[in-house]
Amino acid sequence: MVINTGFHIFLLLMMIIGSIIAIFSKKLISSLVSLGTVGMLLSIYFLILSAPDIAITQLVVEILALIILLSAITGRDVTADMTSSKVYALFFIFIFLISIFTFVSSFYFIFPEFGNSNMRVGEKYLYLAPTKLKVANVVTAIVLDFRGYDTIGEATVIFTAIIGVMVLLRKKGKKDE
Amino acid sequence: MIVYIAIVVMFFVGIYGMIVKKNIIKMIIGVNIIGYALNLFFIVIGYRNGGIAPILVPGMTIEEFVSKAVNPLPQALVLTSIVIDLSIICFLASLSIRIYEKYGSFDLEKIRRLKG
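Read top to bottom, the protein sequences are chains A and B.
What the first sequence shows, in the numbering used here, is residues 4 to 180, in sequence order.
What the second sequence shows, in the numbering used here, is residues 760 to 875, in sequence order.
What the hints contain is simulated information worked out from the structure, not anything from laboratory work.
Treat the hints with caution; some may be incorrect.
Short derived list, chain B residues pointing at chain A, Cβ under 10 Å [stated by the list, open to error]: (1) Y763; (2) M769; (3) I784; (4) K785; (5) R807; (6) N808; (7) G809; (8) A812; (9) L832; (10) D844; (11) C849; (12) A852.
Using N, Cα and C, we set each Cβ at its ideal position, and we do this for glycine too.
Based on the sequences and whatever the hints tell you, model everything.
In structure tokens, the structure reads:
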């Protein structure tokens, strides 16, 4: 399936517009909803870039993050006026933007052009997973077998984050001040 | 090339939200947008023109599969990164809930002023 570049540009433009609305909107609920829109568009774009596993995970994680953030602001004072940004911050952002565009133009010589991936390790995995491991889905073969230690590290990070959330949100054992 | 530039623009919208905005929820939204841009960058690096998903379907030889499928390594790394992003968002949301309970506002200026 060949998709012309106009569709890529359309999706990326919609994502940029959605994130700008999410940052600059006056109400917190509308900015959260537009953040959810950006996540859904990202899921569609992953599907177009032929990464179906990532698209499914992105969809689930997006909905969960939206629910968590909405439950963090419901019942609280969301109409508190945002103090306006300072002018020198805009100036710093302008300098950052110029520097990053120079970085991009230097990336032109390092990274491959869009659509020509550097497949040195990827070809090895693509060949070994169906022949040696007898696994049809190469991504799950990499996550669970070739790079299993990375998955253990991920489980450790999630466990630590859960412990942090439990410590922050506990009701029992807290001293009254 | 225009895809890379769009991703960099999206990254800087997130940086702007993190630095300039004074509301804690807006800062969390900025972190989230930076995570989106980075995940998209990794997937775009691994893409091939006209590539198929790295799943072997019946009736396809190994040589044809290796020569046509997209790079599976960035996809496996991003799969880890997305879930870690979710746990970071959970932690930041619980921190902001605790701050609201203590100070009664999401605004950073008021929180700073109440500090003794």
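Okay, the hints, checked on the actual structure:
1. Y763: At about 6 Å, which falls below the 10 Å cut-off, the nearest Cβ of chain A leaves the hint on B:Y763 intact, so it holds.
2. M769: 5 Å, holds
3. I784: Where the cut-off is 10 Å and the nearest Cβ of chain A is about 5 Å from B:I784, the hint holds.
4. K785: Where the cut-off is 10 Å and the nearest Cβ of chain A is about 7 Å from B:K785, the hint holds.
5. R807: Interface hint status for B:R807: holds (5 Å vs cutoff 10 Å).
6. N808: Result: holds, 4 Å to nearest chain A Cβ.
7. G809: 6 Å, holds
8. A812: Hint holds; B:A812 Cβ to chain A Cβ min 4 Å, cut 10 Å.
9. L832: 5 Å, holds
10. D844: OK, holds: B:D844 within 10 Å of chain A, min 7 Å.
11. C849: At about 6 Å, which falls below the 10 Å cut-off, the nearest Cβ of chain A leaves the hint on B:C849 intact, so it holds.
12. A852: Holds, because the Cβ-Cβ distance from B:A852 to chain A comes to roughly 4 Å (cut-off 10 Å).
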